Structure formats: C-alpha cells, structure tokens
Amino acid sequence: MSKYILRRLLMMIPVLLGVTFLVYFIISLTPGDVAANILGVGATQEAIIELTEEMGLDDPVIVQYGRYMGDLVTGDMGTSYATGKTVSSEIGQRFPNTLILTISAIFLSVLISIPIGVISATRQYSIFDNVGMVIALIGISMPSFWTGLILIIVFSLKLGWFPSGGIDGFSSWILPAFTLAIASTASITRTTRSSMLEVIRQDYINTAKAKGVSRKIVIRKHALKNALIPAITVIGLEFGVLLGGAVLTETVFSIPGIGRLMVESIQRKDTPMVLGCIIIFAVAFSLVNLLIDMLYAYIDPRIKSNYS
Amino acid sequence: MSSNVDAIKADEIIKTKKRSQSADVWKRLKKSKAAVIGLVIIVIFVCMAIFAPVIADYDTQVIKMNISERLEGPSSNHFFGTDEYGRDIFYRIVYGTRISLFVGVISVGIALSIGGFLGAIAGYYGGKLDNAIMRVLDVLLAIPAILLAITIVSALGSSIINLMIAVGISNIPGFARVVRAAILSVKDQEYIEAARAIGAKDHTIILKHVLPNSMAPIIVYATLKVATAIMATASLSFIGLGVQPPTPEWGSMLASGRQYMRDQMYIVMFPGLAIVMAVLSLNLIGDGLRDALDPKLK
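If you're matching them up, the sequences are chains A and B in order. Going by the numbering used here, the residue at position 118 of the first sequence is 118; the numbering climbs one at a time, nothing skipped. Heads up: take any position in the second sequence, counting from 1, add 1000, and you land on the numbering used here.
Just so you know, these hints were derived from the structure itself, not from any lab. These numbers were taken from a predicted model, which means no experiment stands behind them. Beta carbons: idealized from backbone N, C-alpha and C, even for Gly. Where hints are given, some of them may not hold.
[Unchecked claim] Only pairs whose alpha carbons sit at most 20 Å apart, straight line, appear in this in silico SDA-like list of lysine to any residue:
1) B:Lys-1128 <-> A:Pro-14
2) B:Lys-1033 <-> A:Ile-292
3) B:Lys-1031 <-> A:Ile-292
4) A:Lys-225 <-> A:Ile-292
5) B:Lys-1033 <-> A:Pro-14
6) B:Lys-1064 <-> B:Pro-1053
7) B:Lys-1033 <-> A:Ile-135
[Unchecked claim] Among the chain B residues that face chain A by a calculated CB cut under 8 Å, a handful are:
8) Gly-1240
9) Arg-1258
10) Met-1261
Between the sequences and the hints, there should be enough to build the whole structure, so can you do that?
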C-alpha cells in the first residue's frame, strides 16, 4: 500500500508541473503593464521601465516561469503586488477557512445523501423515492450563490437565526456549509441510489436473502459496501466542484478564504497571488483524489490486491 | 443496372432504419413525463430568446434607466418588479435568456469539437498518442473547471466571447474522456473491422462508422453540460468576471440586486429562478435522453 501511495505521489509531480506551467502561461496573457499598475497613476516612464527590468518582466515567459518554479521549490510563492506581503503567508492565513468550509460541506452531504440514496433504492418508486429524487434534481439545478442569497434572506435577515456573513463562531459556518453542500448532496444521493439499485439485483444478494440473512444486514453488509464505490468516485469529483464552489460561497458569505482571495486578487491584477491560490486548489484537489483512491482499496479488497 | 437498383434499395432501407431509430428514441422520450416537462420549459426559453425584441425594446425598456420607477415590487405593469435603476426585471430576464442559452450552447460546441476530436483520435489510435493526449488532459482536470474558467476569463478580460472560450476550454477534458470511452466501446466491433478490411480510410471509419454508433452517451453528456455551462456563465458574471452591466445577464442581475435583497426579495428571486428553470429543464431532458437512448438501462 505504501508503495502505491508513493507511486501516486510521484505521479502527481508531472501533473502539478503541468498545472503551474498552464496557469502561468494563461495568466501571462493578461493585458496591461504590471509595473505601471504597481506604481500607480503618475509614475514616470523611467520608473516603470526600471521596475519592469528589476522584476524581470521583460524576459520571455518561459524564463520567468523557470524563475518562479525555482522559487516555488524552496517554498517561496512570491510577493503580492497589492499588499507587499508574501503569497504563502497570506494563503496560509486564509486556507484554513476554505478547508473548514469544504470539509464541513462534504461531511454534511455524505451524512445526508448516503442514507437517502439507500432508502430510495430499497423502496424504488415509493413516495419517498419519487419526492427525494425530484428534490435532488432541483438541488443539482440550483446555483450555490443564489441558494446562499435565499438562505441569507430567510434565516439571517428575516428570522435572525444566523449571521449573514463573516466568520464569528460556530453559527456563522452553518449557512455557508449548507449552501455549499446542497448541490453535492443531490448528486451523491442520485449516484448512491442508482448504484444501490444495480447491486441489489445481483445474484449474491438473492443468495444472502435465501440463506435467511435479515434485510437490514443484507443492505448494510452485502449491498451498501459494493454500492459505495461509485458513490465514492462521485464524492471525489464533487470535492473538486466544492473547491470551485467555495469561490462563490465565500463571496456570498464574505468568508476570508482563498476562493475570495483569488477573486479579489484577479480584480487587483495581483498575478502572484492568483497563481498561488490556483496552485493550492490544484494540489488540494489532487491530494483528495489520491485519498479517494486509497479509500477504494480500503473498501474493496479486490482493488488492494492489485497493488500489493 | 440491377446493382444500381440494389444500391437504391439499400439506401432506402438505411433511411427507414435511421428514421425508425430516432422515432423510437422520440417515442421513449415522450413517455417520460419529466423529459416532456423539461422540453416544454426549454422550448419556452428558446421562444423567449428568439422573440425577445417582440416582447420588449432593448434600448428603451431593458437597459435604459428610469429612476422614477426604481425598486417597485411586482405589479401588472412590471410582472417581476423593477431593479435599482427602475428597469423592468421581467424584460431583463427575457433578454438574459439570449445570453445564457447562446453562451451555454456555443461553449459546449467548443468543448465538444476540440475535446471530441482529441478523444476520438486518442480512443481510435490508442498507444502512445492516447497516452500523450490523456496526460495533457489530466493537467486540465487537476484544476476544478470553474476555477480554470475564472483564470482564463481573468487573463483574457471579461466579455461574452471570452466567457464562451473560458467555459468551453474548461469543459474540454470531460468531452475528450466521454468521446474516447464511447469510441473504445465500439472500435473493436466486427463492422469496424469489416470497414477496415474493405480498405476504408481512418477518417472515414471514425466519422461514418465509429462516431454514429457511439453518439448516445455523447448526446446525453452534451445536454447535461449545456446546463452546467449556463450555471458557470451565471457564476462568472456573479463574481464580476462575465457579462458586464448594463447588459442583462442572470448572474450579474443577482450580483447587483444583492444589496437591495433585504427589502426587495423579488430582485434576487426571479433571476435565480430563471437559472434554476433553465438548468433544471436541461437536466430533465438529459436524464430522459439517457433512458431513451439506452433501453437496457433502467
């Protein structure tokens, strides 16, 4: 297993190299003179040229990228154009907030979706199943930033139960976590249901039932474990969606996470900060995918035997 | 002479077969209530987009400010009320339909043609080419789609064209994967081998034999992706990176209405509902199509 993890970690390196290069290249297409932007209105032409040379901005993109990567390997992600602080300190400060938000959202959605998916499958075409699936479909179709606004109107502005934004104690996380969780809850529910439906039609389920195993145990031990594999795949994919969704949720609820940092940095044309944020997002997403693959091996011993 | 007649006959048989195939799919699709509801909603949206100029005049009723009527609630004069500049929200939603549907369809078109091409050659030729293409796409897949779109738009600048490019590019890897998988599932079938045996060229085989037989999953995926693209467009506009005011777009209407939502809830209610209805209808159709195109699946 450790061999497998090591191999997967090594495989991440070329992908992340590709990500940094791609993002660096895309961002370098941004129009506008960086040095002029930093110096502000009224800067002399000489000062702009001097700063451009000092920052190496007149070098070819590939040279600049090489320099950036050289620094990145030593943990230096550069300095913000806007605030003058180092990118890594700013991201380090804000990343925990994004992490709390996405992890509580994925936790919430798994907690809600797996039981609903299982019950829907075992009672296919019942009222519970039909209503559940309609709600799930609507849940998938709601944009998170709109859901967030509606939740703020109802639970914060009208009822006053939760704060409408910022991070101030446990209660301030409830609305954002729910907002972010809705869409992924809906899609995990749908996947759990359909893979459960597939599994309970298998022969070994009939065998177990014929042997007199109770319905509960058949569902829990025989069916659910096998049905979880597609569900886990979707959970992994949804984590990527959640990371992206965090950008919007953080904007709606004014949470100082890296999603909002990225949007603010884009508006300020703060290239090193944007680059840092998106690299962190990509690293987080890749690590989650690795974690998901390890979970497979844990749930399905057949997969594990392929790697040992 | 007789071979000519045979050819014509064969042609006719193929034609009727094709017709009956799509007629079959249509028949099964019609049976699904959900899919029919989705179709009805999307037809209404398409009509709204086409006949927008008949419903309201863009210059005087959609983008022109009218401060004397600002922030009025829904009434018979203004079905969905007016926004902070006194503009009719219903009319703005109608014109917003044009942008959402247009960007949704075009960006999926971009993703489908580029991703489809890459997926098709990767799946058909396999080997090193396949490996190379898929590794490059892995890089794109390592960045969550909406973040990739945000990065691209921020570099290119916010405009409708750039929005389509950004949403399109961020969907390329998904399409490449779906097309590749679809092609892999048919390329070893006997009729492909037969085509190759009679000396058909690679691109003829891919375009005439492989693709038509692997269309089902691609059509379903494309339908669902138009829904995602509409959502992405609204998201980007919401954070200020998409369609710029005063052009009416659902996401940017939500962003600008936000500060008035405490007292004027309708200002964020209706544009949001428009997004939900459009996305929902496409999801319903996509689900229906999946069942209709693959009778084995239930």
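Structure-based check of all given hints:
In summary, the hint linking Lys-1128 (chain B) to Pro-14 (chain A) is supported, as the alpha carbons are separated by about 17 Å, within the 20 Å threshold. A C-alpha spacing of about 37 Å is found between Lys-1033 (chain B) and Ile-292 (chain A), which places the hinted pair above 20 Å, so the restraint is violated. The straight-line distance between the Cα atoms of Lys-1031 (chain B) and Ile-292 (chain A) is roughly 38 Å, outside the 20 Å bound, and the hint therefore fails. Of the supplied pair hints, the one linking Lys-225 (chain A) and Ile-292 (chain A) holds, its CA atoms being roughly 15 Å apart against a limit of 20 Å.
Our distance criterion of 20 Å between C-alpha atoms is broken by Lys-1033 (chain B) and Pro-14 (chain A), whose separation comes to about 48 Å. Simply put, Lys-1064 (chain B) and Pro-1053 (chain B) have alpha-carbon atoms about 15 Å apart, close enough for the 20 Å limit, and the pair holds. With a C-alpha separation of about 16 Å, the suggested pairing of Lys-1033 (chain B) with Ile-135 (chain A) holds against the 20 Å cut-off. Interface restraint check: Gly-1240 (chain B) against chain A, minimum CB-CB distance 7 Å, threshold 8 Å, status holds.
Taking 8 Å as the C-beta cut-off, the interface hint given for Arg-1258 (chain B) holds, the closest approach to chain A being about 7 Å. This hint holds: Met-1261 (chain B) has a C-beta 6 Å from the nearest C-beta of chain A, less than the 8 Å allowed.
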